[in-house]
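J.: The listed protein sequences derive, respectively, from chains A and B.
Sequential numbering of the first sequence, starting at 1, is according to our numbering.
Sequential numbering of the second sequence, starting at 1, is according to our numbering.
Don't take each hint at face value.
Only pairs whose alpha carbons sit at most 30 Å apart, straight line, appear in this in silico BS3-like list of lysine-lysine [to be verified]:
id : chain 1 : residue 1 : chain 2 : residue 2
1  : A       : 244       : A       : 172
2  : B       : 62        : A       : 222
3  : A       : 87        : A       : 71
4  : A       : 214       : B       : 14
5  : A       : 172       : A       : 71
6  : A       : 279       : A       : 222
7  : A       : 279       : B       : 62
8  : A       : 72        : A       : 147
9  : B       : 62        : A       : 213
10 : B       : 14        : B       : 151
11 : A       : 120       : A       : 87
12 : A       : 204       : A       : 222
What follows is a set of in silico ranges between Cβ atoms, one per label pair, in the way DEER data are often shown [said to hold, decoys possible]:
id : chain 1 : residue 1 : chain 2 : residue 2 : range
13 : B       : 108       : A       : 268       : 48 to 54 Å
14 : B       : 188       : A       : 101       : 26 to 32 Å
15 : B       : 206       : A       : 177       : 55 to 61 Å
16 : A       : 178       : B       : 108       : 56 to 62 Å
Because the hints were derived from the structure by calculation, they are not lab data.
Note that beta-carbon positions come from the ideal geometry of N, C-alpha and C, so glycine has one too.
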Amino acid sequence: MKNLSLIYFVLFATILSCSQPKKQNNHEKETTEGFVTDTPAKADIKADNIQSAVYGYYVGMFKASIFDRDKKPSYANKITVSIDSLKDKIVYGHSIVAGNWRPFQGEWSTLDNVLLVNAKEPGDDRYDGVFEFSIYPESQIISGIWKANDKNLAVTQREYSLEKREFTYNPKLELPDYIAWQDLYDQNNEIVDGAEFLTEDVLKVNASIQPLKKEDVENLYKGDLEVIRNSIYARHGYSFKNRKMRYVFDSAVDWYMPVSIDVRGQITDLERQNIELIKRYEEHATAYYDAFGR
Amino acid sequence: MKMLSQNISVLNLKAIIRVAILLVYAFFCYLMLQITLQYIPVHTDVAFLRIKQDYISMQHYKYAFFIHAYTAILALPAGFTQFFLFIRNKFPWIHAVTGYIYVSTILLFAAPSGFIIGIYANGGLYAQIAFLLLAILWFWFTLRAVLSIRKRNIVAHKQWMIRSFALTLSAITLRAWKYIIVALFHPRPMDVYQIVAWLGWVLNLILAEILIYYIYKKDIK
């Protein structure tokens, strides 16, 4: 009886393998997984199996570890590293940081359940470099370093420890309370004059869910308006090139993760209208708030 | 001899102050001209109008706004020349011509249009009341000045004209106060608007009353 069921099973597996070769592969992996041994071949198969667990976005801070202070570096930016494919010892992925979307490609190997990756960016961008990192599938973490190709950049090496996280657009995401009264930094990492800080007003409106009227925005400071408007882009995972906004969202907003450098197609009609309204008051404040006039 | 030199220095000081006032006034008139020029050619989505889009589509607001922007500026130079004694004494026709320009600008265009745009002023009810009151008083003082000179009552004419011009100057003082308050305290945009809507002309009027009191003290007694 036992033998018979085994025969049935083999038969069934064979039929499956004929119709769906890929699935047969998976099946084999599952079967072998029960008998994990130390043979190299087995380890490879195991690594194959964890592909799906490894694929996805990893988010965290991209911190400068070797830099030139005089060149006004951006010390820490939030980065998303995406592992897109692991095949035949070749890894494909991309990273999004500081408004820069860059693919990478390289080699990977395994060592004690850890994936070791060494991957290059194409090299045709000024800020391209080489990633060297380890992927820890169990703790779902990536950590490693990145070295710039151009050794004259403000930052030539960065380090990071990134956590795996899925991206979903959620209009209900709110700015954290502690963002109020934070200083706004300009493009050179310096605090802009006294007017440039956030107030508690920045927490009052969510421009992704409520249709704003002029009464909602006309009495707000320019800095608050700018952050309220850019929160819309942040919810869509927009990666900010603008340092001022990058510092706000990268360092102070936990839910924020950069996944795209163009979210225009994702902005809802409500958000589009709010952006237009807020932008008007921002521009008016820029031109007239501290000028002789109205 | 000592008396003479003192007289000369006093004379010089007075002359210097007069020239300084003239230059400062010319400078502010130039700034006001710059503000007016933003609206030439007619465009409904520039400068201040960028945040008045709810109203600019209304015909009466649009007409009132542009009439106010184009005509009210005339009252500044026209009004200023009225207070020069040598013009009044030596060229009374200039005084009369610029006087007609001043009063007709205000009574026919600037004050009525100011009233209409005041209804929709930024800063809520308190600011709106301030601007409406300003428009009414500006019209009223100017009208009284015209009526009194038609009766050849020069003293009353002068007094009403001082009041009228004090309110004309609010175009400058309102914006100057806004500049100062923002530089010092960084208030929220509409908060500063509510403050200057009142401060811009009430203080001028108080100063005008004090001036009138001191100039005509003897007459009053």
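J.: If a hint holds in the structure, say so; if it does not, say that too.
T.: Hints, verified against the model:
{"no.": "1", "hint": "A/244 x A/172", "in the structure": "23 Å, holds"}
{"no.": "2", "hint": "B/62 x A/222", "in the structure": "27 Å, holds"}
{"no.": "3", "hint": "A/87 x A/71", "in the structure": "40 Å, violated"}
{"no.": "4", "hint": "A/214 x B/14", "in the structure": "50 Å, violated"}
{"no.": "5", "hint": "A/172 x A/71", "in the structure": "39 Å, violated"}
{"no.": "6", "hint": "A/279 x A/222", "in the structure": "10 Å, holds"}
{"no.": "7", "hint": "A/279 x B/62", "in the structure": "23 Å, holds"}
{"no.": "8", "hint": "A/72 x A/147", "in the structure": "18 Å, holds"}
{"no.": "9", "hint": "B/62 x A/213", "in the structure": "21 Å, holds"}
{"no.": "10", "hint": "B/14 x B/151", "in the structure": "34 Å, violated"}
{"no.": "11", "hint": "A/120 x A/87", "in the structure": "16 Å, holds"}
{"no.": "12", "hint": "A/204 x A/222", "in the structure": "14 Å, holds"}
{"no.": "13", "hint": "B/108 x A/268: 48 to 54 Å", "in the structure": "49 Å, holds"}
{"no.": "14", "hint": "B/188 x A/101: 26 to 32 Å", "in the structure": "38 Å, violated"}
{"no.": "15", "hint": "B/206 x A/177: 55 to 61 Å", "in the structure": "45 Å, violated"}
{"no.": "16", "hint": "A/178 x B/108: 56 to 62 Å", "in the structure": "57 Å, holds"}
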